[in-house]
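Chemist: Chain by chain, the residues run as shown.
There are 2 protein chains.
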Amino acid sequence: MKEIRLAARPVGWPTAETFEIAETPVPEPGPGQVLIRNVYMSVDPYMRGRMNDVKSYMPPFAVGEPLDGGAIGEVVTSHAENVPVGSYVVHSLGWREYSVADAARVRVVDPAAAPTLSAYLGLLGMTGLTAYVGLLDIAQFKEGDTVFVSGAAGAVGSVVGQIARLRGAKRVIGSAGSAEKTRHLIDDLGFDAAFNYKDAPVRDQLRAAAPDGVDVYFDNVGGDHLEAAISTLNKFGRIAMCGAIAQYNDVAPPAAPRNLASAIGKEINLRGFLVGNHSHRMPDFVAEVGGWLRSGRITARETIVDGLENAPEAFLGLLRGDNTGKMVVKLG
Amino acid sequence: MKEIRLAARPVGWPTAETFEIAETPVPEPGPGQVLIRNVYMSVDPYMRGRMNDVKSYMPPFAVGEPLDGGAIGEVVTSHAENVPVGSYVVHSLGWREYSVADAARVRVVDPAAAPTLSAYLGLLGMTGLTAYVGLLDIAQFKEGDTVFVSGAAGAVGSVVGQIARLRGAKRVIGSAGSAEKTRHLIDDLGFDAAFNYKDAPVRDQLRAAAPDGVDVYFDNVGGDHLEAAISTLNKFGRIAMCGAIAQYNDVAPPAAPRNLASAIGKEINLRGFLVGNHSHRMPDFVAEVGGWLRSGRITARETIVDGLENAPEAFLGLLRGDNTGKMVVKLG
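Each protein sequence line maps, in turn, to chains A and B.
For what it's worth, UniProt numbering labels the leading residue of the first sequence as 1, then goes sequentially.
For what it's worth, UniProt numbering labels the leading residue of the second sequence as 1, then goes sequentially.
These are computed hints drawn from the structure, not numbers from a lab.
Don't take each hint at face value.
For identical chains, the list gives no copy identity; a pair is met inside one copy or between any two copies.
[Stated by the list, open to error] In silico DSS-like cross-links for lysine-lysine, where the CA-CA straight-line distance does not exceed 30 Å: (1) Lys55 / Lys170; (2) Lys55 / Lys142; (3) Lys2 / Lys266; (4) Lys55 / Lys266; (5) Lys235 / Lys55; (6) Lys330 / Lys2; (7) Lys170 / Lys198; (8) Lys55 / Lys2; (9) Lys266 / Lys142; (10) Lys266 / Lys235; (11) Lys330 / Lys235; (12) Lys266 / Lys330; (13) Lys330 / Lys142; (14) Lys235 / Lys2.
The following block holds chain A by itself, in its conformation from the complex (with noise of 0.2 Å):
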């Protein structure tokens, strides 16, 4: 089997020198283990992070062993009753072509309840469920809201756009990065507002698009974008910091937000917050957003690179912003 190793740590902007791939035997399963043979696999920002050597809410990555994150596929072998061979699980030791896990830490999902097995990994997986409860739990969202969400024609941002539009928000605003991208946020899911963040300053054009302010700003990138946000947040607004990405790969520390003192006089509350620790809203995110889907009220674009030879460029494409919808990379 083949699976992809973390090289060399990244300075900078990851390479095609940052990635190796390797062959290996395929691993047994012990006690309680399945053997998954991967479908899908997810490429995700927070896994930039995790090449540096920087301690975090996550190990980093070791250099020489193989990388991990979000993953799909069949069980072929199992030594656990209750994951059976044939089961479909999702699970986080993805970026190789099977995978040994235990039987206690894969979640199990019907094929059938899905439009695709890659739903698991995006709308109806982790990156759903982050938009799901960034927005109603961190950031407080209520109906009549105005929201703003950058990255909103990534995986989580093409969500929280669609939920705070199907939750009754008063006016939805997206960035994104390309013209594509935003007529894909107004014609396709309904944004009441979009802009490419780099036709003109994001502040000029987010003032723009929100002649009333902000209530929610959703972040999936910082830098100049939560500067923006902040300085058009109206009284009380709320603040979901989900993700930075517009400086992952920057090597000095970023100059803004220089405006935050402002949220003193706002009373402004920005929160950040992993999804790690909302596991408990699965079964709530299931029944609503899942009831949407079925009923066609909210729809995902998905991504989809083929081969796993293929997933160092398309993480690098998604740091890019060359995706829209989620990324998940096709295995054998």
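Could you slot chain B onto chain A? The hints should help.
Modeler: Quick look at chain B alone, frame taken from chain A:
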């Protein structure tokens, strides 16, 4: 009577030329109003912001008009039955020897229930309530937390540290601007550790003072202090953003905090607040802090400046950090 007016808007630090003292007739109270002979007036850092011609949570001071702010005085003429002559009242029309106020907008207090009248501008007034609400409601302090407060020898900071101690903090750490102040924090107010921020980088001193990290940061200062606190905060840390005195006189926006994105992985909550929207907590605050005051478990030093004509210098001294505890001006 005399009053202090805004002579010119300052750019950067205010100077003596920012203010003018003027003579004006003692005003006549109308129906439902009272005439107050002021005894003490408060100077507070937020007043600096109101000297700029910038829309904020309070309207800016007008050039040529008297300044205003918290004050306490004796009612000498009353056209309101519920506020008779001889009452002592807290109100918001300071910076003048006599004020006319609507009786509905003053708070009658009992001079016998406080060690000095000035306490109603400090420990038992908006200053103390700011500390109480910020620590308990905004930062969600809980027993066993390690608390760091900047501007700890100031009016709000010195109360924050003492409430944290009395409510069962594991460790209370304060920063201040002189060795005399840091001694006061430890010897008189019961802080566990204190450092002079002028001695060495805040981050280094805070790390040394908080070997197990910080759970709650009460920010009166902004800038380097806020950046250092974010760096030292533990998982699920909370920041009450109360003030940013380090940058009130800055002409250019500040660079810090450059590490704000680490609020994501540490799931930090930063929350700006103004005490004005939390006045429903006044009864709880008076009961708890008043009780500590009567039993001698909480104390509040004051820096008292004599004479309305010295109020501008008192305010400038406040911005420089000349005060220990609440800075008040005694009138007449």
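Chemist: With reference to the structure, classify each hint as holding or not holding.
Modeler: Hints versus structure:
1. For the identical chains of this complex, lysine 55 and lysine 170 are inter-copy neighbours only, at 25 Å across copies versus 40 Å inside a copy, given an alpha-carbon limit of 30 Å.
2. With identical chains, the CA atoms of lysine 55 and lysine 142 are at most 30 Å apart between copies only, with a shortest distance of 27 Å across copies and 36 Å within one.
3. Taking the shortest alpha-carbon separations for lysine 2 and lysine 266, neither the intra-copy value of 53 Å nor the inter-copy value of 34 Å comes in at or below 30 Å.
4. Taking identical chains as interchangeable, the C-alpha atoms of lysine 55 and lysine 266 lie at most 30 Å apart only when they sit on different chains, with a minimum of 11 Å there against 34 Å within one chain.
5. For the homomeric pair lysine 235 and lysine 55, the shortest alpha-carbon distance between copies (13 Å) is at most 30 Å, but the shortest distance inside one copy (36 Å) is not.
6. For the identical chains of this complex, lysine 330 and lysine 2 are intra-copy neighbours only, at 14 Å inside a copy versus 80 Å across copies, given an alpha-carbon limit of 30 Å.
7. Taking identical chains as interchangeable, the C-alpha atoms of lysine 170 and lysine 198 lie at most 30 Å apart only when both belong to the same chain, with a minimum of 26 Å there against 48 Å between chains.
8. Proximity of lysine 55 to lysine 2 under the C-alpha cut-off of 30 Å is restricted to the intra-copy arrangement: shortest distance 28 Å within a copy versus 61 Å between copies.
9. In this assembly of identical chains, lysine 266 and lysine 142 lie within 30 Å of each other by CA distance both inside one copy and across copies; the values are 18 Å within and 25 Å between.
10. With identical chains, the CA atoms of lysine 266 and lysine 235 are at most 30 Å apart both within one copy (5 Å) and between copies (25 Å).
11. In this assembly of identical chains, lysine 330 and lysine 235 lie within 30 Å of each other by CA distance neither inside one copy nor across copies; the values are 45 Å within and 35 Å between.
12. Within a single copy, lysine 266 and lysine 330 get their C-alpha atoms no closer than 46 Å, and across copies no closer than 32 Å, so neither meets the 30 Å cut-off.
13. Proximity of lysine 330 to lysine 142 under the C-alpha cut-off of 30 Å is found in neither arrangement, the shortest distances being 37 Å within a copy and 48 Å between copies.
14. Taking the closest pair of Cα atoms, lysine 235 and lysine 2 never come within 30 Å of each other, the shortest separation being 53 Å inside a single copy and 37 Å across copies.
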